[in-house]
Amino acid sequence: MIAEFSRSLSHVLVHEGGFSNHPKDPGGETMKGVTQRVYDTYRQSLKMPTQSVRGISELELKAIYRREYWNKIQGDRMASGISYVVFDGAVNSGVMQSVKWLQRALQGMGLYSGKIDGLVG
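Using this note's numbering, the first residue of the sequence shown is number 1132, and each one after it goes up by one.
Hints are computed from structural coordinates only; laboratory data are not their basis.
Certain hints may be false.
As the list claims (entries may be wrong) - Calculated cross-link-like contacts (lysine to aspartate or glutamate; reagent style EDC-like; alpha-carbon spacing at most 20 Å):
id, residue 1, residue 2
1, K1178, E1189
2, K1203, D1248
3, K1203, E1135
4, K1163, E1199
5, K1193, E1160
6, K1178, E1199
7, K1231, E1199
8, K1163, E1191
9, K1163, D1219
10, K1178, E1191
11, K1163, E1189
12, K1231, D1248
13, K1178, D1156
14, K1193, E1147
15, K1203, E1191
16, K1231, D1219
17, K1193, E1135
18, K1193, D1219
19, K1155, E1135
Stated by the list, open to error - The following label-pair restraints were derived from C-beta to C-beta distances:
id, residue 1, residue 2, range
20, R1198, G1159, 18 to 28 Å
21, A1210, S1244, 16 to 26 Å
22, P1180, Q1238, 38 to 48 Å
23, G1239, T1172, 29 to 39 Å
24, G1149, R1235, 28 to 38 Å
25, A1194, H1146, 17 to 27 Å
26, Q1228, I1133, 24 to 34 Å
27, L1242, Q1182, 43 to 53 Å
28, A1236, T1181, 16 to 26 Å
29, M1240, P1154, 20 to 30 Å
30, Q1238, P1154, 34 to 44 Å
31, G1245, Q1182, 36 to 46 Å
Just so you know, these numbers come straight off a predicted model, no measurement behind them.
Here a beta-carbon is modelled for each residue, glycine too, at the ideal position from N, C-alpha and C.
Make the full structure from the sequences, and use the hints.
Okay, structure coming up:
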């Protein structure tokens, strides 16, 4: 499902833009949708020194999106298209919120009868 992750990420990145540091954005400095805080946490987890998010590499960008969003929604287990929608929702509104939206949609179709808890599985 690497192809589906790559396809979905390319669509998500269309809307994420480049560098921003808007005073009304609580995320602060952000590059291609990755905040400085998320980037620092990622680099620290790999025992690497922190640096400005402006310097994020393409490899790091993909790794962060895969680890923090795709893997947490279990995108590889979802049908193509659905995985993109849930992934995009996770990037923009958080993993749990996006999964809740999916659970509600499936429940409304009679395909899910579990708790609306934002947990996949």
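Structure-based check of all given hints:
1. A C-alpha spacing of about 19 Å is found between K1178 and E1189, which places the hinted pair at or below 20 Å, so the restraint holds.
2. Of the pairs offered as hints, the one joining K1203 and D1248 holds, with about 14 Å between alpha carbons and a cut-off of 20 Å not exceeded.
3. For a cut-off of 20 Å, the pair hint linking K1203 to E1135 stands: about 15 Å separates their Cα positions.
4. With a CA separation close to 14 Å, the supplied pair K1163 and E1199 stays within the 20 Å bound.
5. Distance check on the hinted pair: K1193 and E1160 sit about 18 Å apart at the alpha-carbon level, within 20 Å; holds.
6. Between K1178 and E1199 the CA atoms are separated by roughly 18 Å; this keeps the pair inside 20 Å, and the hint holds.
7. With a C-alpha separation of about 17 Å, the suggested pairing of K1231 with E1199 holds against the 20 Å cut-off.
8. A distance of roughly 11 Å separates the Cα atoms of K1163 and E1191; the hinted pair therefore holds under the 20 Å criterion.
9. Note on K1163 and D1219: the hinted pairing holds, with a Cα-Cα distance of about 13 Å set against a maximum of 20 Å.
10. Distance restraint check for K1178 and E1191: the Cα-Cα separation of roughly 14 Å lies within the 20 Å cut-off, and the hinted pair is therefore satisfied.
11. A distance of roughly 10 Å separates the Cα atoms of K1163 and E1189; the hinted pair therefore holds under the 20 Å criterion.
12. Taking the CA atoms of K1231 and D1248, the gap is near 6 Å; set against the 20 Å cutoff, the hint holds.
13. Restraint check: the Cα-Cα separation between K1178 and D1156 comes to about 28 Å, which exceeds 20 Å; the hinted pair is violated.
14. For the suggested pair K1193 and E1147, the alpha carbons sit about 13 Å apart, so the restraint of at most 20 Å is met.
15. Of the supplied pair hints, the one linking K1203 and E1191 holds, its CA atoms being roughly 17 Å apart against a limit of 20 Å.
16. Our distance criterion of 20 Å between C-alpha atoms is met by K1231 and D1219, whose separation comes to about 13 Å.
17. Between K1193 and E1135, the direct Cα distance comes to roughly 13 Å. Compliance with the 20 Å bound is thereby established for this hinted pair.
18. Of the supplied pair hints, the one linking K1193 and D1219 holds, its CA atoms being roughly 14 Å apart against a limit of 20 Å.
19. As the CA atoms of K1155 and E1135 are separated by approximately 33 Å, the hinted pair breaks the 20 Å bound.
20. Between R1198 and G1159 the C-beta distance comes to about 20 Å, which sits within the given range of 18 to 28 Å.
21. Separated by about 19 Å at the C-beta atoms, A1210 and S1244 satisfy the suggested range of 16 to 26 Å.
22. A C-beta distance of roughly 46 Å is found between P1180 and Q1238, which places it inside the suggested range of 38 to 48 Å.
23. Range check, G1239 to T1172: Cβ separation about 35 Å, and the 29 to 39 Å hint holds.
24. Evaluation of the 28 to 38 Å hint for G1149 and R1235 yields a pass: the beta carbon distance comes to about 34 Å.
25. Hint check: A1194 to H1146, Cβ distance near 20 Å, so the stated range 17 to 27 Å holds.
26. Distance hint check: the CB atoms of Q1228 and I1133 are about 26 Å apart, consistent with the given range 24 to 34 Å.
27. A C-beta distance of roughly 45 Å is found between L1242 and Q1182, which places it inside the suggested range of 43 to 53 Å.
28. The hinted window of 16 to 26 Å between A1236 and T1181 is violated, with their beta carbons roughly 38 Å apart.
29. Look at M1240 against P1154: about 42 Å separates their beta carbons, and that is not inside 20 to 30 Å.
30. About 39 Å separates the C-beta atoms of Q1238 and P1154, a value consistent with the hinted range of 34 to 44 Å.
31. For G1245 and Q1182, the Cβ-Cβ distance of about 42 Å falls inside the hinted range of 36 to 46 Å, so the restraint holds.
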